Amino acid sequence: RAVAVGDAVPWQVVDHYENPRNVGSLDRNAKNVGTGLVGAPACGDVMKLQVEVDENGKIVDARFKTFGCGSAIASSSLATEWVKGKTVDEALQIKNTDIAKELCLPPVKLHCSMLAEDAIKAALADYKLKQGPNQEEAEKKA
Amino acid sequence: PQDPRVLDSMLPYLTAYYGNPHSRTHAYGWESEAAMEKARRQVADLIGADSREIIFTSGATESNNMAIKGVARFYKSRKKHIITTQTEHKCVLDSCRFLETEGFRVTYLPVKKSGLIDLKELEAAFQPDTSLVSVMTVNNEIGVKQPIRDIGEICRAHKVFFHTDAAQAIGKIPMDVNDMKIDLMSISGHKIYGPKGVGAIYVRRRPRVRLEPLQSGGGQERGLRSGTVPTPLAVGLGAACEVAQKEMEYDHKRISQLAERLVTKIMCEVPDVVMNGDREHRYPGCINLSFAYVEGESLLMALKDVALSSGSACTSASLEPSYVLRAIGTDEDLAHSSIRFGIGRFTTEEEVDYTVQKCIQHVKRLREMSPLWEMVQDGIDLKSIKWTQH
Chain D
32 RAVAVGDAVP WQVVDHYENP RNVGSLDRNA KNVGTGLVGA PACGDVMKLQ VEVDENGKIV
92 DARFKTFGCG SAIASSSLAT EWVKGKTVDE ALQIKNTDIA KELCLPPVKL HCSMLAEDAI
152 KAALADYKLK QGPNQEEAEK KA
Chain F
26 PQDPRVLDSM LPYLTAYYGN PHSRTHAYGW ESEAAMEKAR RQVADLIGAD SREIIFTSGA
86 TESNNMAIKG VARFYKSRKK HIITTQTEHK CVLDSCRFLE TEGFRVTYLP VKKSGLIDLK
146 ELEAAFQPDT SLVSVMTVNN EIGVKQPIRD IGEICRAHKV FFHTDAAQAI GKIPMDVNDM
206 KIDLMSISGH KIYGPKGVGA IYVRRRPRVR LEPLQSGGGQ ERGLRSGTVP TPLAVGLGAA
266 CEVAQKEMEY DHKRISQLAE RLVTKIMCEV PDVVMNGDRE HRYPGCINLS FAYVEGESLL
326 MALKDVALSS GSACTSASLE PSYVLRAIGT DEDLAHSSIR FGIGRFTTEE EVDYTVQKCI
386 QHVKRLREMS PLWEMVQDGI DLKSIKWTQH
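These protein sequence lines are chains D and F, in that order.
If you use my numbering, the first sequence corresponds to residues 32 to 173, in order.
If you use my numbering, the second sequence corresponds to residues 26 to 415, in order.
Do not rely on the hints blindly, as some may be mistaken.
As the list claims (entries may be wrong) - Think about it this way: if two alpha-carbon atoms lie no more than 27 Å apart in a straight line, the pair counts; the simulated DSS-like pairs of lysine-lysine are:
#, chain 1, residue 1, chain 2, residue 2
1, F, Lys383, D, Lys159
2, F, Lys411, D, Lys161
3, F, Lys221, F, Lys94
4, D, Lys152, F, Lys411
5, D, Lys152, F, Lys94
6, F, Lys221, F, Lys137
7, F, Lys408, D, Lys161
8, D, Lys132, F, Lys329
Just so you know, the hints here were simulated from the structure itself, not pulled from any lab data.
Please read these numbers as outputs of a predicted model, since none were measured by experiment.
Let the hints inform the model, and build the full structure from the sequences given.
Structure representation (structure tokens):
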């Protein structure tokens, strides 16, 4: 018989879970690709988020893979959607609270959105590191 | 689900036969009392007990509380030690923890990787002032079946009372309180296709087990559990026990076949699946599988039209996975990847096949989305990675 599905899981989460955006991998060895790997299997939450940045510092592509619950998958999927088209600095402004609000995450699932924010930051930090120490010095001088 | 035969037995007592079974003076009371006593006999017959040894309760949680706190407190002047296991149901563990705040000492026996306790460790755990040993018959998370007869023997030899939480075992595997030397047993109504809100506790009369009642009042149920017995629920429990006794063998055969079908089909199609708990000493209807590199809750989301559960704990405050899986030594990431499948009297082959097909489909899909699976495919040893948390 048909089971009535209530509001136990926000539809936004279900949507990202059933139709995830940007699942996959970019070439981690490419110089303009930043890879962030956060979380731990022992915690039941691991997110890998990758960004591809063009010569103007704009994120042109992003991919994710997640080991975690529906909310974790949705948070990381949304993260890849949001970083696309932003510059590196703009993407660093993305807050976990925005992700949680967009997905209507209940309080118990807020840590999933926090991990997604960490994943974005980790990917961008990795990208910056790959551009070389010269890049950082140039930024400091400017 | 409730067996329709159970519902049939209950209906008269929810409608026309509403007398209080403890009212001694009128026919309404007498007919309710007769029904209650018949139910009591039906429960007793299922476990080889005398009906005077069966007390109706609100469920196995209450029965467990009564057994543990009741026995401990009655004998507390001379005995202050209790033995139990790390894989017991929360209500048993919590009752023990509560008793510790009252000054009792509790030994929580570890279990082997199979989920079974080590009988030698049990022997070694006895102390001169041990009043009770409590070990569940069939575990609700992994389905493992403890060596109850052997434990009963050991407890008898040490003259210590033996309590078993038989909620998952009653009506599914043969239980006999004399053969197994059980002194107290907890019974749950809704676990044997009976109504929710009722259970029973078996309290041995010879040799007499005394316990301090949890609930004070008018002295019903031999003074051990005051309160009006809910006649319709008790009748339902009795009927469920009688049906279970008749159908036990057939159910067991059919459920074993379905369980075998489920496990074989899944394991043939999908690699890296682990069954948690001993393969042999188990009740077939409770299967716990870990799907490596896929998180449990995410898999459950794909199977929301099937009643399953997971040892993962994304929604629990501590983010710690199942303590039962931890006790059997399951790696934490595999604990987060576990799913419990329950197969019962009313499970059909179509339902099993549907569940299997959906499970296989989504495990494959979620593995494609899993960074862990990707790393393993690339030949990386996950244990060598330094993860960002812990």
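So which of the earlier hints does this model not fit?
-> 1, 5, 6
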